[in-house]
Amino acid sequence: MTTTTPTTTTVQIYRVYIKATPQAIWEAITKPEWTKKYGYAPLVDYELRAGGTFRCYPNEGMKAFPNVPDVIIDGEVIEATPPRRLVQTWRMLMDPALAAEGFTRLTYDIEPVRGGVTRLTVTHDLTGAAQLAVVVAGELEYKGAGGGWSEILSGLKTLLETGAQLPFQSGFERDPRNG
Amino acid sequence: MFKALADPTRRLLLDRLFARDGRTLTELEADVKMTRFGVMKHLRLLERAGLIVTRRAGRTKLHFLNPVPIRLIHDRWIDKYTERRVAGLADLKTELEKRP
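So the protein lines, in turn, are chains A and B. Numbering-wise (the numbering used here), the first sequence opens with residue 362 and increments by one. Numbering-wise (the numbering used here), the second sequence opens with residue -7 and increments by one.
Check before you lean on any hint, since a few could be wrong.
Said to hold, decoys possible - Derived CB-CB ranges, DEER-like:
| id | chain 1 | residue 1 | chain 2 | residue 2 | range |
| --- | --- | --- | --- | --- | --- |
| 1 | A | Gln492 | B | Leu88 | 39 to 49 Å |
| 2 | A | Glu500 | B | Lys90 | 39 to 49 Å |
| 3 | B | Asp23 | A | Gly524 | 41 to 51 Å |
| 4 | B | Ala22 | A | Thr371 | 15 to 25 Å |
| 5 | A | Asp431 | B | Thr46 | 16 to 26 Å |
| 6 | A | Leu501 | B | Met32 | 26 to 36 Å |
It should be emphasised that the hints constitute simulated quantities derived from the structure, not laboratory data. The beta carbon of each residue, even a glycine, is placed where N, CA and C say it ideally should be.
Let's have the full structure, built from the sequences with the hints guiding it.
Here it is in structure tokens:
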């Protein structure tokens, strides 16, 4: 047997196949009228060019919770190639300990496969963000922190394929005004 | 996907990736009493089922657990059945409470 060199990696990769066009998926990721309908249902604000700002605002339902900041996630766009690739930095501001872990790197790859099916791959490089890694992996779902990327992408698939929203929105009850 | 999960070696490989993601074939092989070729075969099957995603890092191929397909099963099937059961209990409660 050869010697094993353990690779310490802090990258998480999530992949889902969706029966939708790359353009539809691109819009569902980058436009607030779509993001408020799945996953944690935030309102995104993207400046879709290299160096552009990224901000994520809470929906009305989230604002009802104590100590929710005005901006819940922030970052900078590194690459925006619609409708195929979006690379950005991503910092969670909902919790001071998570915010202190700083910026992580997030990549969306959108590739048409066949028969109107598109493959969406989310690569989240969580180097230096051990606590955030636990949250986005959905491991704190039992504490009400939501199912992380798995739940977000499941919600996105359901929304684009059926027009329906999954009954439960991670972490927060969905605000009917958003929906 | 169920076929992919219906094998103890493949479940062990997924468990190893759950414990720590981004492993190479060599690392995974060390955890399993099986030839390199056998492990490769299992990994290929898991990749085809969408349960793992691979990524090249230089000359090595890293394997990552992809939990999304399992989540989809959860959302589409398991929720559906538990919901019905919960609804059944709620009906029973209403029914019982109506009685004097």
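Against the structure, the hints:
no.	hint	in the structure
1	A:Gln492 <-> B:Leu88: 39 to 49 Å	holds, 46 Å
2	A:Glu500 <-> B:Lys90: 39 to 49 Å	holds, 43 Å
3	B:Asp23 <-> A:Gly524: 41 to 51 Å	holds, 44 Å
4	B:Ala22 <-> A:Thr371: 15 to 25 Å	holds, 21 Å
5	A:Asp431 <-> B:Thr46: 16 to 26 Å	violated, 40 Å
6	A:Leu501 <-> B:Met32: 26 to 36 Å	holds, 34 Å
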